[in-house]
Amino acid sequence: MNRNAAASVAISFAAFLAVWKLVVVVGGYPLFILPPPEVVAERFVQAWGDGVMTPHALTTLQEIALGFIVGAGAGLAIGYGLARSALVERLVSPYIVAAQATPILALAPLLALWFGPGLASKVVICGLIVFFPIAVSTMVGIRSVDAGLLEMARSFRATRRQVLLTLEIPAALPSILGGMRVGVTLAVVGAIVGEWAGAQQGLGLLVNLARGSLFDIPLMFATLVTIALLGIALYLVVVVLERRLVGVR
Amino acid sequence: MTSAGRLLATDISVRFRIAHAPAVEALDGFSLAVERGEVVAIIGPNGCGKSTLLRVAAGLLTPQRGSVTLDDRPITGPDPRVGLVFQEPRLLPWRSVADNVTYPLELAGWPRERRDERLARLLDLVGLSDSAGARPSQLSGGLRQRAAIARTLALEPEVLLLDEPFSALDALTRERFNIELLELWERTGSTIVIVTHSIPEAILLADRVVVMTPRPGRVAAIVPILAPRPRSLDFLDGAIVSRAATEIRAHLQPTGEAA
Numbered sequence: 112m113n114r115n116a117a118a119s120v121a122i123s124f125a126a127f128l129a130v131w132k133l134v135v136v137v138g139g140y141p142l143f144i145l146p147p148p149e150v151v152a153e154r155f156v157q158a159w160g161d162g163v164m165t166p167h168a169l170t171t172l173q174e175i176a177l178g179f180i181v182g183a184g185a186g187l188a189i190g191y192g193l194a195r196s197a198l199v200e201r202l203v204s205p206y207i208v209a210a211q212a213t214p215i216l217a218l219a220p221l222l223a224l225w226f227g228p229g230l231a232s233k234v235v236i237c238g239l240i241v242f243f244p245i246a247v248s249t250m251v252g253i254r255s256v257d258a259g260l261l262e263m264a265r266s267f268r269a270t271r272r273q274v275l276l277t278l279e280i281p282a283a284l285p286s287i288l289g290g291m292r293v294g295v296t297l298a299v300v301g302a303i304v305g306e307w308a309g310a311q312q313g314l315g316l317l318v319n320l321a322r323g324s325l326f327d328i329p330l331m332f333a334t335l336v337t338i339a340l341l342g343i344a345l346y347l348v349v350v351v352l353e354r355r356l357v358g359v360r
Numbered sequence: 002m003t004s005a006g007r008l009l010a011t012d013i014s015v016r017f018r019i020a021h022a023p024a025v026e027a028l029d030g031f032s033l034a035v036e037r038g039e040v041v042a043i044i045g046p047n048g049c050g051k052s053t054l055l056r057v058a059a060g061l062l063t064p065q066r067g068s069v070t071l072d073d074r075p076i077t078g079p080d081p082r083v084g085l086v087f088q089e090p091r092l093l094p095w096r097s098v099a100d101n102v103t104y105p106l107e108l109a110g111w112p113r114e115r116r117d118e119r120l121a122r123l124l125d126l127v128g129l130s131d132s133a134g135a136r137p138s139q140l141s142g143g144l145r146q147r148a149a150i151a152r153t154l155a156l157e158p159e160v161l162l163l164d165e166p167f168s169a170l171d172a173l174t175r176e177r178f179n180i181e182l183l184e185l186w187e188r189t190g191s192t193i194v195i196v197t198h199s200i201p202e203a204i205l206l207a208d209r210v211v212v213m214t215p216r217p218g219r220v221a222a223i224v225p226i227l228a229p230r231p232r233s234l235d236f237l238d239g240a241i242v243s244r245a246a247t248e249i250r251a252h253l254q255p256t257g258e259a260a
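First to last, the sequence lines map onto chains H and Z. Taken in order, the first sequence gives residues 112 to 360; the numbers are from our numbering. Taken in order, the second sequence gives residues 2 to 260; the numbers are from our numbering.
Everything labelled a hint here was simulated from the structure, so no lab data went into it. We treat Cβ as the ideally placed atom computed from N, Cα and C, and that holds for glycine.
To be clear about the criterion: a stretch of chain Z counts as covered by chain H if any three or more of its residues have a C-beta under 8 Å from a C-beta of chain H, and this derived list gives those stretches:
1. 86-92
2. 98-107
Just some of the chain H residues that point at chain Z, by a computed CB distance under 8 Å:
3. 260
4. 262
5. 263
6. 267
7. 268
8. 269
9. 281
Next up, chain Z with everything else stripped away, as it sits in the complex:
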């Protein structure tokens, strides 16, 4: 995978029209530059437009104002350079893990032999090599999310967007997935933007933590995590972490919903 992938969001505003109700302003003038190969975590209270922001960056939603560019080329629709991992695995239940993982390649018109070639590497990347033939219903929640991540990596996106990808997992599995995501990032060098509710998760993963305001979402603060890599779980006990956590909490406005 390439090291290209500078993601630039400029002045994004999104308003949702709802029947018989005033329009909801999800985002209002959100701007952010994510450098290539950087890991940025986005944290904010419920309903502050974090998921909306990822949908705009993935080209699934056109903002009323503002634009997103990747390496100076605008994103105007779903784009193979950007991969989005949803909060839920969203696997096709009637397909095997293998056929789910290669689904994007199939849609892109790859012949079967080429799909199979890449499949082995993708499954290896997320540690699913033994489950290729299984149905999603036979897997645990964690394994399903691994399959979903492999699927998003299939087209080798330059930017990986993750929308609270581990929120359905138990605490221990979640920590392991965080470490594995870091390893994956070291191997692929892709730019990562992860939306999360967890301050420790944000600090462990990110170079910078973007704190958002309550709706309509804007950047409240950007907290740099000045810690060397590779990071491990031990790092979560250090002084840098508690300082960063305190700073993030201070910027999260007191709605008390982010933990």
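This is chain H alone, in the form it adopts within the complex:
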């Protein structure tokens, strides 16, 4: 990021804080409805300092990471199958669409019942929500591989494996990484939804605790900020990965 871009990001963030503060002051909202930014910032620093936030954040991060790996792995494999086999597409796609059309919020309690309140249910929920965009983007990416390039590789006697590694994956990579951008932010949603359906630890649980038994609304906002930052950080990881892998073409 160059200096100009950094400056514009800083200006827009300052404007966001100013509007937030203005709403609090003009609206005269009490602390338990909308705390001002400086109170949230103070609570955010305090919660990270005294070790309240850390274990919850680590738990959620672990759920997201495992859920993303499972969901993305399945999405890549099924997406490739959908692209290359009409039979797979006919047999599998109705179920994929049905699973995607059912709101994850409605499925989460059931999955929590089946997989328990621990890590497993969150990984499943995360995986499910990550799966769809990555499967679709993989399918689209693999299908868009130029038939002329495939014929060229065949004329040089490329094996199926060589076609996959040297042609199909590099050609589909921009599309796949686009799906991963969507998938990684959805993974955060999946982990929080999973925690709402039952958990012993995690940022989603902390939001509930702060709003309920603790009645610490600034902590709730500090947790929401943590969740948002986590989402942004993970998204940036994918963007950096994309620059590395796709780069100049």
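Following the hints, put chain Z in place on chain H, whose structure we already have.
Here is chain Z on its own, set in the frame of chain H:
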């Protein structure tokens, strides 16, 4: 590169099945013998099966009837003895020119040092030594086609098949590429079969020009170009050329599409 490479196509027939339509007969009983080291140009109206014929010879397409042999060994699939240059360069856009040119060697499992050794010679052969590190998108159409030709030469095929390789180039570049192809042929001694729409191109390059019938493609006539080599562009103005051109035009049936 070796001087072996007698290509024999016998009674080739290819029919394409298309959903909800009658099958298209692309080739019907096409036979041709190309001697080793010979340059043969194939010319014919659009859709007469010229490209299909090259795909059969390259082992990319199995004909319903007939066979292709190279030095008496049948071609049953993509074959390292046969190299095909496509109409478009078909380079991998995410790879450098160097990595595109050595792609066939990589697929064949050559270690990097051996690939690099051959790379220098291949780039030199097509005049691309200065562009080794460039991406295809940074090159002109002509340079991209040079890279594609170098790639096809990487495995040192005995027979070089070219499918309208210069049709996307402007007239002047095209003439230069024709002369360079002749120089390349003199240096490598490989057998060349080139499909083209251009009568001057066919006459300049070939020992024999094969004129095909409209679909389904068959041999309409074979016009020998009895002119000494090496040939240059000046040769294109001579009497031999105009006689050959007249004869080729006479055999091309009046669809008016070949120029």
